[in-house]
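S.K.: Read top to bottom, the protein sequences are chains U and R.
Okay, so the first sequence: first residue is 1 according to this note's numbering, each after it adds one.
Okay, so the second sequence: first residue is 1001 according to this note's numbering, each after it adds one.
Possibly wrong hints are sitting among the right ones.
To be verified - Covered stretches of chain R, as calculated for chain U (at least 3 residues, CB under 8 Å):
| id | region |
| --- | --- |
| 1 | 1055 to 1061 |
| 2 | 1130 to 1142 |
| 3 | 1248 to 1259 |
These are computed hints drawn from the structure, not numbers from a lab.
Positions of the beta carbon are idealized from the N, C-alpha and C atoms, including for glycine.
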Amino acid sequence: MRPQVLLAGIVLALSVPAVPTAAAAAAPVEVTFDRVDQANVLGDQFTLQARITNHGTTTTDPLIASLNVTSMTTDVYVDPEDWSGSRTHELPPLTPGADTTLSFELQAVNAGRFSVYLVVLPNGASSGGTGSPAVSPPVRVTVAGRRTLSAGGAFPVVVAVPVLLGVALAVARIRLRRAG
Amino acid sequence: MTTNVDGQVRDRETPPGLQRYPGWWVVAAQESRDLWVGGRGLVLVLAVSVLLSVVTYLAATNRVLNFLEQREAVNLVLQVAVAVGVLLTLVVGADGISGERERGTLESLLLTPVPRRAIGLGKAAAALSLWFAVFLVSMPYVWVLGRAISLVTTALLVGLFVGTVLAAALAAIGLVISGVSTSNKASLSVSLFLLLALFAPTQLPGGPPKGWFGDALVWVNPVGSALHYIGGVVVNGYGWTHELPYLAAPLLAFVLAGGVLLLAGPRIVRLTGGVNGE
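Between the sequences and the hints, there should be enough to build the whole structure, so can you do that?
M.R.: Encoded structure:
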């Protein structure tokens, strides 16, 4: 066999997969957020809008979108459920060129640097659990600390209330004793 | 309440100004006077304030507190105040009739021209004054923990409403137990056991669902559902109507216990204890 024919055969064989995979069958879905940065103070609430677009030529399967929060440092433990009470949404199939918007209410419950990103997975009868995920670019979230409780702030109340009640009790006892 | 069994008046004649008020009000005023002027109420409230000071100081000095946990700190102090407040109310209620029997002061109270139903109602109102005092004392603690997150008004309002319903229910339960008990010791023991039984399920670990039995246990338990409701409003930021069904058990307990106290008042406010009066 001539080398040129052999090379052309190899290229052709590599360019056509023998068995279509789920990833190859899935329509290309793009996920984007309405911003790339978000700065907050501890306790602030903010909303992120995500847009999911079907850039493919076929209608997607039903989709499921899951928001995640990851700390960019290892010293902060993140429980994403504390950040948002509704992180997972089911979406209907998207026709070619169609898009949909999701809104996520979040609360900054940890101080530090975080990445928030959205993963969209096919959730059809056959593709559920097997399809390739589409992942958004992360939103960089910076949360400044705010210490609102301190021993100094609580100390006057912690001491004053029992002392005042103790004085009231002593006065009541003395008056009662004097009254006979 | 006011006199010994031999009729000796201590210092508790009905003030002339009270004579035009209904009987239950007069009894409540006299009982409250016994509770507060005698000093027992102030001592109890002083003890509550020391407890709340310790809890508040620990919450304020906790280095790992963050925003969410600050809401939980407010909830903790509020729930301690409600729990201790209703405990004291129950104990005072449980001492209300059987205690007077054993101290020999019930006979003279029964000789007064006040209906027995009004005596029970007045004693319940006086016991409730202890809850209101505990709530007043808890206000500065809730303020110091919740002022930075604008939670003070909500926390105090929900605590006052739910705590008052719960305290009124338990005061009535305590008085009914006191009326049917043969001794004051039995009345206090049964009441404290009941309270512990009601509080025990609230100590189950939270978080994951507990199944239908666990949920039912919270729903039917007036203390557990009341504390759950307070936690929902204070910690989770729910509206007042979001978990309204959780108020069913405390309200039902209030209606049932109050109804039993009113209906059975003439039969349980008497010199002999026990169901049959034996």
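S.K.: With reference to the structure, classify each hint as holding or not holding.
M.R.: Quick rundown of the hints versus the structure:
Only residues whose beta carbon comes within less than 8 Å of a beta carbon in chain U count, and the region 1055 to 1061 of chain R has 5; three or more means the coverage holds. Beta-carbon proximity to chain U at under 8 Å applies to 3 residues in the region 1130 to 1142 of chain R; the threshold of 3 is reached and the given coverage holds. Counting residues of the region 1248 to 1259 of chain R whose CB falls under 8 Å from any CB of chain U gives 0; the rule of at least 3 is not met.
Hint violations for this structure: number 3 only, all remaining hints satisfied.
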